[in-house]
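Take a look at the letters that make up each chain.
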Amino acid sequence: MPFNRTKNLKLSTIKQIEIRASEYPDVVSLAQGIPSFDTPPCIKRRVERALDRGVVAKYSLSPGLPELRELIEIMLAKDNIYYDWEKEIIVTVGSIEGITASILAITKPGDEIIIPEPTYTSYREVINLAGCRPVYVALDETKDWAFDLSRFGKAITKKTRAILYCNPNNPTGTIYTKEQLLGLAQLAKKHDLFLISDEVYKDFVFNNEKIFSLAEVPELRKKIIRIFSFSKVYAMTGWRLGYLHSDESVTKEILKVHDSLVTCAPVISQYAGLGAMEMAEKDVIKFNQEYKIRRNLICERLDKLNHVFSYVKPESAYYVFPKILTKEKDSWKFTLDLLDKTQVALVPGVAFGPSGEGHVRMSFGRSQKDINRAFDRLDEYFKNF
Amino acid sequence: MKFIFKLTLKYYLKYITKLVLLIHRPVIIAVAGSTNKVFVKDEIKKVLLDKGLSVRVNPKNFNTEIGLPLAILNLPSGYNSFKNWLPIIFKAPLAIFQFDFPKYLVLGLGASDPGDMKYLLTIVQPKISIITDITQRYLEGFSDMDKLVGEYEKLADRTKKNGLIVLNYDNIRVRQIGRKNKKATEFFGSQNGAGWQAVKVERGEQGEIAKVSHNGIIKEYKLNRFGRHHVYSLLIGLIIKSSL
Numbered sequence: 001m002p003f004n005r006t007k008n009l010k011l012s013t014i015k016q017i018e019i020r021a022s023e024y025p026d027v028v029s030l031a032q033g034i035p036s037f038d039t040p041p042c043i044k045r046r047v048e049r050a051l052d053r054g055v056v057a058k059y060s061l062s063p064g065l066p067e068l069r070e071l072i073e074i075m076l077a078k079d080n081i082y083y084d085w086e087k088e089i090i091v092t093v094g095s096i097e098g099i100t101a102s103i104l105a106i107t108k109p110g111d112e113i114i115i116p117e118p119t120y121t122s123y124r125e126v127i128n129l130a131g132c133r134p135v136y137v138a139l140d141e142t143k144d145w146a147f148d149l150s151r152f153g154k155a156i157t158k159k160t161r162a163i164l165y166c167n168p169n170n171p172t173g174t175i176y177t178k179e180q181l182l183g184l185a186q187l188a189k190k191h192d193l194f195l196i197s198d199e200v201y202k203d204f205v206f207n208n209e210k211i212f213s214l215a216e217v218p219e220l221r222k223k224i225i226r227i228f229s230f231s232k233v234y235a236m237t238g239w240r241l242g243y244l245h246s247d248e249s250v251t252k253e254i255l256k257v258h259d260s261l262v263t264c265a266p267v268i269s270q271y272a273g274l275g276a277m278e279m280a281e282k283d284v285i286k287f288n289q290e291y292k293i294r295r296n297l298i299c300e301r302l303d304k305l306n307h308v309f310s311y312v313k314p315e316s317a318y319y320v321f322p323k324i325l326t327k328e329k330d331s332w333k334f335t336l337d338l339l340d341k342t343q344v345a346l347v348p349g350v351a352f353g354p355s356g357e358g359h360v361r362m363s364f365g366r367s368q369k370d371i372n373r374a375f376d377r378l379d380e381y382f383k384n385f
Numbered sequence: 001m002k003f004i005f006k007l008t009l010k011y012y013l014k015y016i017t018k019l020v021l022l023i024h025r026p027v028i029i030a031v032a033g034s035t036n037k038v039f040v041k042d043e044i045k046k047v048l049l050d051k052g053l054s055v056r057v058n059p060k061n062f063n064t065e066i067g068l069p070l071a072i073l074n075l076p077s078g079y080n081s082f083k084n085w086l087p088i089i090f091k092a093p094l095a096i097f098q099f100d101f102p103k104y105l106v107l108g109l110g111a112s113d114p115g116d117m118k119y120l121l122t123i124v125q126p127k128i129s130i131i132t133d134i135t136q137r138y139l140e141g142f143s144d145m146d147k148l149v150g151e152y153e154k155l156a157d158r159t160k161k162n163g164l165i166v167l168n169y170d171n172i173r174v175r176q177i178g179r180k181n182k183k184a185t186e187f188f189g190s191q192n193g194a195g196w197q198a199v200k201v202e203r204g205e206q207g208e209i210a211k212v213s214h215n216g217i218i219k220e221y222k223l224n225r226f227g228r229h230h231v232y233s234l235l236i237g238l239i240i241k242s243s244l
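Top line first, the protein sequences correspond to chains A and B.
The opening position of the first sequence corresponds to residue 1 in the UniProt record's numbering, with each subsequent residue numbered one higher.
The opening position of the second sequence corresponds to residue 1 in the UniProt record's numbering, with each subsequent residue numbered one higher.
Calculated directly from the structure, the hints in this document are not laboratory data.
Watch out, some of these pointers could steer you wrong.
[Said to hold, decoys possible] Each computed BS3-like pair below joins lysine-lysine, with the alpha-carbon atoms no more than 25 Å apart:
#1 K200(B) to K87(A)
#2 K200(B) to K252(A)
#3 K91(B) to K78(A)
#4 K183(B) to K286(A)
#5 K190(A) to K154(A)
#6 K87(A) to K83(B)
#7 K91(B) to K282(A)
[Claimed, not checked] The following residues of chain A were derived to be distant from chain B, with all beta-carbon distances above 12 Å:
#8 A21
#9 S36
#10 D203
#11 E219
#12 E248
#13 T263
#14 M279
#15 I285
#16 L325
#17 N372
#18 K383
All residues carry an ideal CB built from backbone N, CA and C; glycine is no exception.
Using the sequences and the hints, build the whole thing.
Structure (structure tokens):
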């Protein structure tokens, strides 16, 4: 019995695949985007100290612990991003709550939000939940999944309220260039649109170049909402912690929604966030190095299956998004068949938007051992194709 | 075992640091308070460097019984690893021979439990002490607000007799510390009565624009940061600049 608000919502394809995969006893999953690492010990020690001091049992202020927000401002300043921790930074329950609160705050039912795709599956559901309509704009696979600005221009209507993008992009691992982003900003300015920039993978970059963010541009601050999460960078997916920032005129409205939804982010996790930002820098460097090794490993293994897949080498995040070269182009059928025959779980590309059809997402957040186990099975399965 | 190691390390670093300070005799500027210490330290560093003076600032969380000496000696932390601590322990005395030891040390001092400030002040005696603000942020370690304020009063008491105390006039508990102390004191803030007063603050596209009044003269400053706390940092920087 679907309810009016939930009738257009779907359980995330990634979770559906994980549920199916759990039925197979010897499954190797490269589906869900979970880091294989445990939360670094320095973060756990910070949490232990907070527990000992008895400071985690009560709510924090709705926008978050002042010391955490102040630290976030300090860290942002290192990336040339300047926001006032007192009024412009909100600590959220992961990035998805930040995105949800932002969309609920800035839109009204019936509005349209443009999503460059293929991209993160849950954007669509959040937009639907807000009573808005997702409008897909295809990324250009022939140009390594770059923006094609002319396609954005064509997608904008009177109902368009925002452009929501993920940079670096999940599932393609693409980093949008400064020129592409400034072009997008110009378009947004012309049509008075918000830009929601989800930058949860910004610390995993394999060419050591700093990622440009439109939040660095002071003139855009009233129109950009930048989202970040502790989940991936500090191996803290289970802690559910993130933050967002924008101009005071925007955050004061988002804060009302955030307060209505969750009151505040879990205080114990906020202390974990303090430990992460204070002490886990070396761990992040270590994770990044390991992901680069895994990226190279998975690309080497894909190269050996070049009769089955072609791919764009990811520059960031921990996903690769190969194109299926076999007769079966339906990515759902392909992944279900693969799961059944090889017990390797992948995510069908169609989950990430229409342009994702004919592709699969593979996560190299898993260990090298898991990657090798999965590809040994794929090699065996596809040797006669 | 861990407790004994930590205790030994604490006193080892303390006495090495005291010896280093005795030999090099840097001017110590202490920055304390519940908020804004990092930005204030950055502002002071900028002012000192602009004057061509050498300066060392302690990193954010190096403001405790072990972190403070490490910052003064310019050493990293070994955190929870005994192996990492060994080279640090050996390197600590070498700070005595640092030829480029800075003329100024700008040190954030942390007070999250009773006695924290008293201990830190057995290591350093500031020439200039700044109290940015006192809020309920670290109150959980204290039985009441008076006890927390008492920690900061110790800082004012321990400041050198010919030194300077810089206080936030907008916070009444901080303001009162000045009344209890007879040392030279400068107040900053936005309220009437502050010697260095932000009489008008507006938000520009690139950051805050502040009009600052001092001795009847009003000057405008354009910052590339957003937030009232950056205006406070500016005022503190101006006080330090005028005191050099």
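Exercise. When the hints from earlier in the document are held up against this structure, which numbers fail?
Worked result: Result: hints 3, 4, 6, 11, 12 and 14 break, sorted rising.
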